[in-house]
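*Asks:* Each chain is listed here by its residues.
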Amino acid sequence: MGAMTFLSYSATVILQSLANGYKYGFDIMDVTGLPSGTVYPALRRLEEAGLVDSRWEKEGIAQREQRPPRKYYELTRDGTDALAEAVKRYRLLQSAAPRLPRKRKPSPQRG
Amino acid sequence: MRHSLKAHLWLIRAIGVIVPRRLRADWRQEWEAELRYREALLAEWERLDWRNKLDLTRRSLGAFRDALLLQPRRWEDEMFQDLRYGMRMVLKNGSFTLVAVFTLALGIGANTAIFSVVKAVLLNPLPYPEADRLVSIAESDPDTPRPETVDFTTTSDWRERSHSFEHLALYRRFSMAIVEGGEPELLQGLRVGSDFFDTLGVKMELGRTFLPEEDQPEQRYVLVLSHALWLRRFGGDPDIIGRRVQLNEASFSVVGVLPRSYRPLLTSLDDPNPEIYAPLGYSVSQPSACRGCQHLRLIGRLKPGVTAEQADAELDTITQSLVQEFPTSYDSQAAARVELLQEKLVGQVSTPLWVLLGAVGFVLLIACANVANLLLVRATDREREMALRAALGAGRRRLVRLLMTESLLVALAGGAAGVLLGAWGTSLLTGVGPKEIPRLDEISVDWSVLAFSLAITVLTSILFGLIPAFRSSHVDLSGALKSSGRSTNSGSRYGLRSLLVAGELALAFLLVVGAGLLGKSFLQLTKVNPGFDPQNVLTLGTYVWGQRYQKPEVELGFYRQVMDQLRAAPGVEGAAMVSTLPFAGYDRRGFQIRHRLLPNPSEAPSTDHYSVTPDYFRVMRIPLKRGRLFTEADVEGTPHVALISESCALQLFPNEDPIGKQVQFGSPNDDAPWATIVGIVGDVQQYSLDRAPTIQSYIAQAQDVRYVYMLLVRTEGDPRRVEGAVREAFSSVDPTQPVFQVQPLEDYLAASLAERRFTLALLGLFGALGLVMAGVGAYGVISYVVGLRTREVGIRKALGAERRDVLLMVLRQGLALTAAGLAVGYLASLALTRFLGSLLFDVRPTDVAVAGLVAGVLATVAFIASYVPARRAAKVDPIVALRYE
Chain Z
1 MGAMTFLSYS ATVILQSLAN GYKYGFDIMD VTGLPSGTVY PALRRLEEAG
51 LVDSRWEKEG IAQREQRPPR KYYELTRDGT DALAEAVKRY RLLQSAAPRL
101 PRKRKPSPQR G
Chain P
1001 MRHSLKAHLW LIRAIGVIVP RRLRADWRQE WEAELRYREA LLAEWERLDW
1051 RNKLDLTRRS LGAFRDALLL QPRRWEDEMF QDLRYGMRMV LKNGSFTLVA
1101 VFTLALGIGA NTAIFSVVKA VLLNPLPYPE ADRLVSIAES DPDTPRPETV
1151 DFTTTSDWRE RSHSFEHLAL YRRFSMAIVE GGEPELLQGL RVGSDFFDTL
1201 GVKMELGRTF LPEEDQPEQR YVLVLSHALW LRRFGGDPDI IGRRVQLNEA
1251 SFSVVGVLPR SYRPLLTSLD DPNPEIYAPL GYSVSQPSAC RGCQHLRLIG
1301 RLKPGVTAEQ ADAELDTITQ SLVQEFPTSY DSQAAARVEL LQEKLVGQVS
1351 TPLWVLLGAV GFVLLIACAN VANLLLVRAT DREREMALRA ALGAGRRRLV
1401 RLLMTESLLV ALAGGAAGVL LGAWGTSLLT GVGPKEIPRL DEISVDWSVL
1451 AFSLAITVLT SILFGLIPAF RSSHVDLSGA LKSSGRSTNS GSRYGLRSLL
1501 VAGELALAFL LVVGAGLLGK SFLQLTKVNP GFDPQNVLTL GTYVWGQRYQ
1551 KPEVELGFYR QVMDQLRAAP GVEGAAMVST LPFAGYDRRG FQIRHRLLPN
1601 PSEAPSTDHY SVTPDYFRVM RIPLKRGRLF TEADVEGTPH VALISESCAL
1651 QLFPNEDPIG KQVQFGSPND DAPWATIVGI VGDVQQYSLD RAPTIQSYIA
1701 QAQDVRYVYM LLVRTEGDPR RVEGAVREAF SSVDPTQPVF QVQPLEDYLA
1751 ASLAERRFTL ALLGLFGALG LVMAGVGAYG VISYVVGLRT REVGIRKALG
1801 AERRDVLLMV LRQGLALTAA GLAVGYLASL ALTRFLGSLL FDVRPTDVAV
1851 AGLVAGVLAT VAFIASYVPA RRAAKVDPIV ALRYE
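Residue numbers (my numbering), protein chains in the order written: chain Z, 1 to 111; chain P, 1001 to 1885.
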């Protein structure tokens, strides 16, 4: 179902960051520069569409650090396919309109 | 550091309130986990400055949008799922829904209407402030079964010696003629103690209440008007206070006007609505204030914390010491009776109203049973659906909740329709309800009635929905999914449905037996001989006022002239006068027998006493048993004569001939002349048809004119036709003398039965309703059972069974059902009809004839309900039946 509808730019960016290994909601916010009010609703929509899966951290890790387990997200097979499609499409768009600015904001990095 | 952590978490918690419940826990954990992780990390790297803290706050604000966008998921909550499903089902099965809603509306509507009456009449406190402290007080003695009156002097002693009361107020009826400002009219009112309105807690709309100094014999010419009178007779004059009004020949000054919201105190069912109030104006030195001159009524307001029982005990003690101090003024067993005012006003109707409420409760139960049956029918059709849901993971509780939601929706629809029906019913009841039902004008459908209706609606949904829901949710997975619909459960469902219908028949039996017992009582009452012939008699009240009528001979002359004129009028067979009409009040006086003087004259028996014209007995057709009646020769100046009733003779002169004995009427202070008994007449019913006649005595009007008289005219045809002639006769002799309450004598009798008739009509209606519903229920079940056995019928017919045999087979089914219902119903009636006790007259609660008749009616209804499906079964084509699956 997700393959048919066009992913929005923010959704694509989020999927890309998942593919790049950023699993936790706040990390995705950092990497993409999107606000929390966008990231989380988008993650939920993507989950409903079956493009991402959510899981809870292992209890053990969280307990050791005395904090509640965090939720992390992963791409599903459908998600990977959809991402590839979307990337192709945006590349085409880019080439069709080369002077469109690439949306990249500097964002606070960890470390 | 700590604050900022708390701020984030607090934000998340606050925002989390709007997240749908199902998702809330996970959602909060997700957000909190991220925030705390980051928070801890920043602290570890010592980068937790104000900028980063702000950043965290900014991020947590985003949770709000997240929560908002989750709102649509709320609709997936199970509750809403159930509701959507329920609505779909209800709308899909239109015919079931309609029948169920209609049935429930009848049940809930009837309950709403009756409850609104019970609430207003029995449960609501009287419309006075702190009405639970208001009591009515009376002097009692063994001779008076229902004490109502007190005397002035005893009350003064009570007032002085008692500590239980905040206020005590005496009152009595009085009437005055008013001529100015319109037609001459007789105004009814009360003479009251100066603290009467303070006792009730009523504030005047205009002016003030009476002052204690106005409550004296010479000062009592002040007036308080009712709101309606003020509008009607004085045009709502804003300057009414201080205005002088002429009543009879006295001039009164208006000091107050009552508010429109004031509800007059009507402690006796035949009290007319009072429109004028004047001070009582008694003093202990007056003859009418004597101990034993019991003609006043007393109300009181208890002090806070004092109960009616305590006050009763206290007054009893005081009365006993009064008996010691004044032994000849009291019966040796004189006591006080203190009763809550509300109890006194509505006590009479409380049993019939509770009975009616119970009856409509039964009707509702029958309605619920019918709807439950309908649901059980549909349960069979929905077995597959339930099995599928169970297979897909729905637990039993989930299925029950699902079905109960549907039931609740149906019940709510029925409840809404029922409330509308009930409101209509309530207005109908207040319209046609006899005025003998107290507080009729206070009945309305208020919020408490609506709350009651809502409560019983929810209750009915549980009653009719729960068992079918449990049945349906108990799913035999393999059986239901495999077969094409008919599963092994149908047998037990039939058993349950039959049980329900048998229960309905039992309840219907109870209702109709109740109605039957009341009906038989009513019939017995109408057969009671009142002691006179009430047909074709017109009655009216006279009221003679004015200086010149102070002389008894002038008053008598007035009456004679009027009656002579009337006797000459066409269509009139006779005219007479009496001081107290049967079924219209009473006048009890002491009865002292000369050669049997009692040491304590206050212990003399009391008789119902009448002052009559000579042909009273002829006009009323009261038989003369022995001796002679009064004649025109019995006048003032000739020896005083008296007549007594048959019961009086039997009771007071058991071993001797009363004729020739001398008797004295009234209390010893009256010093009445001794009268000789010259005859014995038949008994008359004075109070009501269901009581034994009291002992009665008569004197001649011409020898004692000190009363207010009622006129009686016996006519050849409809008594109302002579009304004109009667008014004409009065106005031609003296147009300033008013007449009032013109009505046929029969109306008084009918009024005494009005409340019974009303209760009977309603109970009959509910009985009929219950019977029809039970019949419909029985028809439903038997049709269903016949349907189940169609194959069997086909086989039998193929094997040579006659139509008759099939008919009998089905009818036997119906018979079994009816017999079960009747048996249970009869047993229940043996237990429950005793609650009708006080409503019955001359009928035992276990009357066999009534039970038998009702059983017959029920059996007939059940027979008809069985016959139709039986005929259908008999006509079945065996080939079709055998193929039927």
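Among the hints, a few may not be true.
Result set (EDC-like, lysine to aspartate or glutamate): computed pairs, CA atoms no more than 20 Å apart in a straight line [stated by the list, open to error]:
id	chain 1	residue 1	chain 2	residue 2
1	P	1303	P	1166
2	Z	71	P	1166
3	Z	23	P	1039
4	Z	58	P	1026
5	Z	23	P	1026
6	P	1053	Z	47
Hints are computed from structural coordinates only; laboratory data are not their basis.
*Asks:* Now, for every hint given, state plainly whether the structure supports it.
*Replies:* Hints, verified against the model:
no., hint, result
1, P:1303 / P:1166, "holds, 5 Å"
2, Z:71 / P:1166, "violated, 75 Å"
3, Z:23 / P:1039, "holds, 18 Å"
4, Z:58 / P:1026, "holds, 15 Å"
5, Z:23 / P:1026, "holds, 17 Å"
6, P:1053 / Z:47, "violated, 30 Å"
Checked against the numbered hints given earlier, the structure breaks hints 2 and 6 and satisfies all the rest.
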